[in-house]
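Colleague: So the chains spell out like this:
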Amino acid sequence: MAIVINLDVMLAKRKMKSKELAEIIGITTANISILKSGKAKAIRFSTLESICKALKCQPADILEYNETE
Amino acid sequence: MKKAILFKTLVDILYILHFIGLIGIIFIIPFGTININQINMSVEDWSLFYWSIFIVSLFAYIIFLRGLYFLRKMARFLLTNKYFSDDTIVNLKNSGNNFLYTGIISFALIVVLWISKLTGGKFELIYDNNLLIPLFLSIIGMFFIIQSNALNLAKGIKEENELTV
Chain B
270 MAIVINLDVM LAKRKMKSKE LAEIIGITTA NISILKSGKA KAIRFSTLES
320 ICKALKCQPA DILEYNETE
Chain G
369 MKKAILFKTL VDILYILHFI GLIGIIFIIP FGTININQIN MSVEDWSLFY
419 WSIFIVSLFA YIIFLRGLYF LRKMARFLLT NKYFSDDTIV NLKNSGNNFL
469 YTGIISFALI VVLWISKLTG GKFELIYDNN LLIPLFLSII GMFFIIQSNA
519 LNLAKGIKEE NELTV
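Each protein sequence line maps, in turn, to chains B and G.
As numbered in this note's numbering, residues 270 to 338 make up the first sequence, in order.
As numbered in this note's numbering, residues 369 to 533 make up the second sequence, in order.
Honestly, I wouldn't trust all of these hints.
What the hints assert, rightly or not - Pairs of lysine-lysine, BS3-like flavour, derived with a Cα cap of 30 Å:
(1) Lys371/G with Lys490/G
(2) Lys376/G with Lys308/B
(3) Lys308/B with Lys370/G
(4) Lys308/B with Lys461/G
(5) Lys526/G with Lys310/B
(6) Lys526/G with Lys305/B
(7) Lys284/B with Lys308/B
(8) Lys305/B with Lys461/G
(9) Lys526/G with Lys288/B
(10) Lys461/G with Lys310/B
(11) Lys305/B with Lys485/G
(12) Lys308/B with Lys450/G
(13) Lys284/B with Lys322/B
(14) Lys370/G with Lys310/B
(15) Lys523/G with Lys310/B
What the hints assert, rightly or not - Now the in silico label distances, taken between C-beta atoms and shown as ranges:
(16) Ile381/G with Val273/B: 53 to 61 Å
(17) Thr448/G with Arg313/B: 52 to 60 Å
(18) Leu433/G with Lys286/B: 33 to 41 Å
(19) Ser287/B with Ile381/G: 52 to 60 Å
(20) Glu528/G with Ser287/B: 16 to 24 Å
(21) Met285/B with Leu447/G: 30 to 38 Å
(22) Leu447/G with Phe314/B: 38 to 46 Å
(23) Met285/B with Asp380/G: 55 to 63 Å
(24) Asp277/B with Leu447/G: 39 to 47 Å
(25) Ala311/B with Asn520/G: 18 to 26 Å
(26) Asp277/B with Thr532/G: 16 to 24 Å
(27) Glu318/B with Ala522/G: 28 to 36 Å
If you are wondering where the hints come from, they were derived from the structure by calculation, not from laboratory data.
Predicted model, so just to flag it, every value in this text is computed and none were measured.
No residue lacks a Cβ here, since even glycine has one placed at the ideal position from N, Cα and C.
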């Protein structure tokens, strides 16, 4: 897919573990790993909002459009 | 779940009965006691044309049995609640295809027999099971094919839903 998820980059920048993020935003670690691995087909606005809130970032920091992929 | 068990049992019974019937036909032919319903002629009087009709009918029957076999396989997956698995979808489609082919071949045979009678100077129009069963089989076959397509679409939607975070 042309949309790349840079969640692992943001997690590294904020020095946060996936498990911690999952606990803060209230989703399972399995879903976090689906997001990180790029297997996710869609993301809810509510989830995106929670992630942005937890990581103190913008949606563009997490989602990126890559034409070559 | 109870319905799936009942469905599987009924399909199993139908398959076994038909299989016994096929073996029966093969063993009965040499004794010459078999006759084709629409012709009312004992096996000794069959011409090459009627023998070819019989062989094509037998071929259609084997295709029908193949359809039942795929339906049986599909029913096995229903018992384990795998409604959206590839196996269920593929077996349902195969079953539908086989039923549809059986229906088409059977209907074609009826038409061929009708034409042969017509050329022999007999005009016959019979409204009975011989006409309705091929029609019903074709409808069931088509329905299974459409149903398998619907399951395939549902599988895609389900996967998308499961991968929405």
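Colleague: Holds or violated: Lys461/G with Lys310/B, Cα cutoff 30 Å?
Modeller: Holds, at roughly 27 Å.
Colleague: Holds or violated: Lys305/B with Lys461/G, Cα cutoff 30 Å?
Modeller: It is violated: about 36 Å lies between the C-alpha atoms, which goes past 30 Å.
Colleague: Can you let me know if the beta-carbon spacing of Ser287/B and Ile381/G is within 52 to 60 Å?
Modeller: holds (53 Å)
Colleague: Starting from the range 33 to 41 Å, see whether the pair Leu433/G and Lys286/B falls in it by beta-carbon distance.
Modeller: This hint is violated: roughly 59 Å between Cβ atoms.
Colleague: Assess, step by step, whether the Cα of Lys284/B is no farther than 30 Å from the Cα of Lys308/B, and give holds or violated.
Modeller: holds (23 Å)
Colleague: Against the range 18 to 26 Å, how does the distance between the Cβ atoms of Ala311/B and Asn520/G compare: consistent or not?
Modeller: The hint (18 to 26 Å, Cβ to Cβ) holds, given that Ala311/B and Asn520/G are roughly 20 Å apart.
Colleague: Determine whether the Cβ-Cβ distance between Met285/B and Asp380/G falls within the hinted range of 55 to 63 Å.
Modeller: holds (56 Å)
Colleague: Can the restraint linking Lys526/G and Lys288/B be considered satisfied, given a maximum Cα separation of 30 Å?
Modeller: The given pair, whose Cα atoms are some 26 Å apart, holds under the 30 Å limit.
Colleague: Next pair to validate is Lys376/G with Lys308/B; report whether the Cα-Cα distance is within 30 Å.
Modeller: Given pair Lys376/G, Lys308/B is violated - Cα atoms ~36 Å apart, limit 30 Å.
Colleague: Starting from Lys371/G, check that the Cα of Lys490/G is at most 30 Å away, please.
Modeller: Between Lys371/G and Lys490/G the Cα gap is close to 48 Å, so the pair fails against 30 Å, i.e. violated.
Colleague: Check whether the Cα positions of Lys284/B and Lys322/B lie no farther apart than 30 Å.
Modeller: holds (15 Å)
Colleague: Measure nothing beyond the straight line between the CA atoms of Lys305/B and Lys485/G; if it is 30 Å or shorter, mark the hint as holding.
Modeller: violated (72 Å)
Of the hints listed earlier, those the structure fails to meet are numbers 1, 2, 3, 8, 11, 14, 17, 18, 21, in rising order.
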